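Trainee: Read top to bottom, the protein sequences are chains P and W.
For the first sequence, my numbering assigns the number 1 to the initial residue and increments by one for each residue that follows.
For the second sequence, my numbering assigns the number 1001 to the initial residue and increments by one for each residue that follows.
Relax, there's no trap hidden among the hints.
Straight-line Cα separation of at most 20 Å, PhoX-like style, residue types lysine-lysine; simulated pairs: (1) 392/P with 405/P; (2) 1003/W with 186/P; (3) 1143/W with 267/P; (4) 1024/W with 324/P; (5) 1131/W with 37/P; (6) 1131/W with 1199/W.
Don't read these hints as lab results, they were simulated from the structure.
These numbers come from a predicted model, not from an experiment.
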Amino acid sequence: MSRFRISINKALISFLLIFIFSANNQVFAADGEALFKANCANCHKPDADYTGPALKGWSKRVPSPDWIYKWVANPAQMIASDAYAKSLFEKWKPTVMTAFSNLKKDEIDAILKYVDDYMPPASTAQAGTNGAPAGQSDNSLLFGILTLVMAIVAFILLQVNSNLRKLTDEKEGVYRTEPIPFYKNKTYIMTVILILFAVGGYYTISGAIGLGRMKNYQPEQPIYYSHKVHAGTNQISCLYCHGSAQDSKHAGIPSVNVCMNCHMAIKEYKGDPIVREDGTSVNGTEEIQKLYKYAGWNPDTKSYNPDNNGDGAPDGAQPISWVKIHNLPDHVYFNHSQHVKVGKQQCQTCHGNIQEMPEVYQFSTLSMGWCINCHRESKVDFYNKETGEGNKFYSIYEKFHKDLKDHKVDSITVEKIGGTECQKCHY
Amino acid sequence: MKKIATLSVLVLTMSAALVSCDSKREPGKIYMPDMAYSRAYETYAERDSSVFTMNQSEVGGSKIYYDNKPVLGTIQYTKTGELFPYTLPNDSNGYKMSAMVKNPLDSISEADLKEAGRLFNINCAICHGEKGAGNGPISTSGKIGGIANLTLDSYIKMADGTMFHSITYGKNNMGSYASQIDRKQRWMIIKYIRTLQPKPSVATDSTR
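The following block holds chain P by itself, in its conformation from the complex (with noise of 0.2 Å):
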């Protein structure tokens, strides 16, 4: 009995014993990793090519199990001294190793393993590959159908009611006159003048309204630009590529050269399939070598033409002649800067959710009676003259200070302080 107690014993020590091995082992590999993120994944990854070389299998490439430690030690003393050193340079250049001579060498060990032990994550297959949301259907065409069913329906109830009276009372020798057909009643013809009037005037109003209205204007640009994956997905700032709607009355639409400022590195598409409102797909790497055309850039030597012809621009670069969505007419005064800047509004207030459009269309009708509608709600950043806080320009109300202090109002609106006046805008 206490031979076999002894031999539980035993086995759960060495059970023990290995888990906490291997609970060390993992901590050694989570090591390796945590210490590759910080320092190498930035150009490495272990199993592909990046800004550097995939590190996996290093030990059947470099020259000398030693070699690796005194190149992360020292990349650029190695090429000037070593042969294979030379070679990678010549490979992966201009870009230089930096050299990182604070990892120890355990710490330079523990990155190799995690690095040969690596292996790529399963991938997760994408369930869905329709992005677009199921559309809601629009049920006016129903209704209305159903509607002139009815009215059809009505109308023949009505003329055999009066087709059965007519049967009665011949059967009750009450004489009638014979009555007149439908199409030359009155009554009838009446109602549906009415309607058409009714139905055709509504359509001339808004007609004539919506007319220099271009809600929902969403004509096809050039490349198919995506904001849905640029400031949805990649999480860009709108100011990034638009920085002009801080400082001038224009957004700005963003040269080549922004673009190219990522796309320099980012040669082909490989997120989530894109699918035109027509059903047709995107081919996300194809848009990007249509901007490579337009930036006059050579994706396969990694740099732009040479300007031979001297216009000052890569031979063959051409700017990129986006279409204008959102047009105000030119009597009326818009500043962007004045109003992201100054106004802190979000792009989105006007623009909508632009983050979520493949295409951007015009969200907003851009109509006067929209902008006053906005300008009488929209609170300034009035100046608080205890803390000092908002815009110092609004010091010189003096007269809405004073009835901020006698609590006459809770705040002050763009109307307020002249914002629905005819001459803030139109001038």
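Given the coordinates of chain P, work out where chain W should sit on it, guided by the hints.
Mentor: Structure of chain W alone, referenced to chain P:
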């Protein structure tokens, strides 16, 4: 009676005419084109190619050279005063020399630092991360490699001028930000990056 019928037909045709031009790919019609479209040249408007040219060789004769760019060496006038142009060339020599350029902003006010942080978050944090640790959305999704972790030792030691040089001309995978951030803003952002970096225990180079 007939009058009403004619009138209703008229109304119907009018409404049909107004409704029919409703394609979202077309800009739609407007009341008075001469009031809606500017006669003066607006930003991004196409210039009359019979009057203006962007090609130096066509200058002379009747054509006017205009290329949208400020004249070389001019300084933008702002209330706070724009800084002098940065003259070091975009080559390896210029990169080396940039370490000697001092940050012209000696101290930075709290409001300016806040503004610099805002600009950093818009223009830089997308790759370098809001804390400068090289882990912005573009970096963590693996779209662009080689993104600098600005909190590393090598960037703590890097001179302000070298940072300025890299922002101005770009470095490796990073493009030039000269068109997006003006000179003063660039120096302000560098001041902000310094606040993100951990304080070095040993004194670093004197160019700061």
